[in-house]
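Trainee: Chains as they are written, first to last, in our numbering: chain A, 1 to 307; chain B, 1 to 247.
Relax, there's no trap hidden among the hints.
Calculated lysine-lysine pairs in the DSS-like style (CA-CA distance at most 30 Å, straight line):
| no. | chain 1 | residue 1 | chain 2 | residue 2 |
| --- | --- | --- | --- | --- |
| 1 | A | Lys15 | B | Lys131 |
| 2 | A | Lys30 | A | Lys222 |
| 3 | B | Lys4 | A | Lys235 |
| 4 | B | Lys223 | A | Lys227 |
| 5 | A | Lys284 | B | Lys223 |
| 6 | A | Lys134 | B | Lys86 |
| 7 | B | Lys243 | A | Lys140 |
| 8 | B | Lys223 | A | Lys281 |
| 9 | A | Lys171 | B | Lys86 |
| 10 | A | Lys241 | B | Lys123 |
| 11 | A | Lys302 | B | Lys128 |
| 12 | A | Lys134 | B | Lys243 |
| 13 | B | Lys243 | A | Lys118 |
| 14 | A | Lys281 | B | Lys123 |
| 15 | A | Lys302 | B | Lys123 |
| 16 | A | Lys235 | B | Lys123 |
| 17 | A | Lys71 | A | Lys59 |
| 18 | B | Lys223 | A | Lys241 |
| 19 | B | Lys243 | A | Lys128 |
| 20 | B | Lys243 | A | Lys171 |
None of these hints come from the bench; they were simulated from the model.
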Amino acid sequence: MDTVTLQNVSKSYGKNVPPALQDVSFSVKKGELFGLIGPDGAGKSTIFRILTTLLLSDKGTATVAGYDVVKNYHEIRSCVGYMPGKFSLYQDLTIEENLHFFATLFGTTVEANYALIKDIYEQIAPFKDRRAGKLSGGMKQKLALCCALVHRPEVLFLDEPTTGVDAVSRKEFWEMLQRLKQEGITIVVSTPYMDEASLCERIALIQTGQILSIDTPANIIKAYPGKLYALRAPKVYLLLKDTRQYEGMAQCYAAGDTLHLSFKDEAKDHPAGLLSWLESKGHKGVSIEEITPDIEDCFIAKTSIHE
Amino acid sequence: MSEKAIVCKDLTKRFGDFFAVNHISFDVDQGEIFGFLGANGAGKTTAMRMLCGLSYPTSGEASVAGYNVFKQQEDIKRNIGYMSQKFSLYESLTVRENIRFYGGVYGLSDKQLKEKGDELITKLGMEKEAKMMVGSLPLGWKQKLAFSVAIIHQPRIVFLDEPTGGVDPVTRRQFWDLIYDAADSGITVFVTTHYMDEAEYCNRISVMVDGRIDALDTPANLKQQFEAASMNEVFYALARTAKRSAD
Chain A
1 MDTVTLQNVS KSYGKNVPPA LQDVSFSVKK GELFGLIGPD GAGKSTIFRI LTTLLLSDKG
61 TATVAGYDVV KNYHEIRSCV GYMPGKFSLY QDLTIEENLH FFATLFGTTV EANYALIKDI
121 YEQIAPFKDR RAGKLSGGMK QKLALCCALV HRPEVLFLDE PTTGVDAVSR KEFWEMLQRL
181 KQEGITIVVS TPYMDEASLC ERIALIQTGQ ILSIDTPANI IKAYPGKLYA LRAPKVYLLL
241 KDTRQYEGMA QCYAAGDTLH LSFKDEAKDH PAGLLSWLES KGHKGVSIEE ITPDIEDCFI
301 AKTSIHE
Chain B
1 MSEKAIVCKD LTKRFGDFFA VNHISFDVDQ GEIFGFLGAN GAGKTTAMRM LCGLSYPTSG
61 EASVAGYNVF KQQEDIKRNI GYMSQKFSLY ESLTVRENIR FYGGVYGLSD KQLKEKGDEL
121 ITKLGMEKEA KMMVGSLPLG WKQKLAFSVA IIHQPRIVFL DEPTGGVDPV TRRQFWDLIY
181 DAADSGITVF VTTHYMDEAE YCNRISVMVD GRIDALDTPA NLKQQFEAAS MNEVFYALAR
241 TAKRSAD
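Assemble the whole structure, with the sequences as input and the hints as a guide.
Mentor: Right, dumping it as structure tokens:
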């Protein structure tokens, strides 16, 4: 049975603003690590707020752990862990006090489920008497995760846990999630960082309140329409400006130290044609090769189709 | 203006016995796009605050746009632009009002405000949105407007503190087009980011570790030096050596 389901969920925050969610449906299997991948304003937080029973949808139904989010909100609240995007613990309580507070709130003790949070809590334990408001971003993030886990939830909802966090700490955080998954906890996590998508079992790409696609990262990459090429040259920005002028170009954009591009009609437009055209424009040392797209390429392809 | 936009020698900020910024030295050329990287807590924000004239260094020397960070903080503030993802525009003012407000703060005359405002709105194609509250605009538009407002007074340098956090991939690239345009027009761009692909777009990059600058070069040279395929790998190699507690 699916642990989380959403069916045709829509939500609007007012008449004069575009809807936050439009007819969103997806489901998460028991024990799955599921990622909601999309930029700010995509509707990720609204989905979390509906699933954690903090917000009512306008249309559609949703269930968590077999409970309906409207009828059985009480049951849901005691079996989920939720880490909102904004730090929401008590700033004037210490690390230890916050943890005990949340354990008590859920009718349990820190000791009862200590094994689950041990690895994470030990990293902040040396500062357990420090007030939460005085902690650095990384420590706040770890404490919030401990508090969301202290009652051993069936489902863990993490809203952008790695936003604004540096690349090294982000990697560590994902390693923690893999360990929690092994404990059998179903995890729904959102992120604006496309490179984190590959760390999830299945993902939903989401933009302006609509799901663009749902599948495993590998299948989403396999479904990329057409061929993608990487173009290299010493003067990347000039190359980008010129390549965009090329007639047969469908899309061309910067990707790290290369340009990624696709052609409108692969039968007619091809790499050799582009290369000689670029040479006539005075570019030297240009090389091109076909590459496997990553999730960000797939996202860009999907969003430009939508436009 | 061939002189350096930023000159920094042994710049240090100490809080008690904690060296938030520990003797950093570097120069940034006029018109250069300079990426200022480092893990959370490495000292980037503290360094940036000193360079923007918001905090006095403990020791060392630095000049920004030709002005001394100890003695000429107000001159620095007038000659730089600043934008961050966290704070940029007033959501409850319209597009036009934000332009007037920031332009006014940066010292533009009424006549300049009108001209620059029109020019900016046309350039961004926001004629229809000029009278709309900024809060009702999509994030990508806000970011582009915030950047344009931060350089409305043609500063010599613009400081961008994680300008593209949370922005969708297409808008993120459009934002970088604006950065390149600004650099082409001679404005120095000093930018922090957690997106390592964006590090590749910079002319040169510095990486801070525990308050020091442990690496500074072009992306290509850094990758060669660390035998890495991407800036991501370079960053891991450096940030892993950090001794300070995470963040």
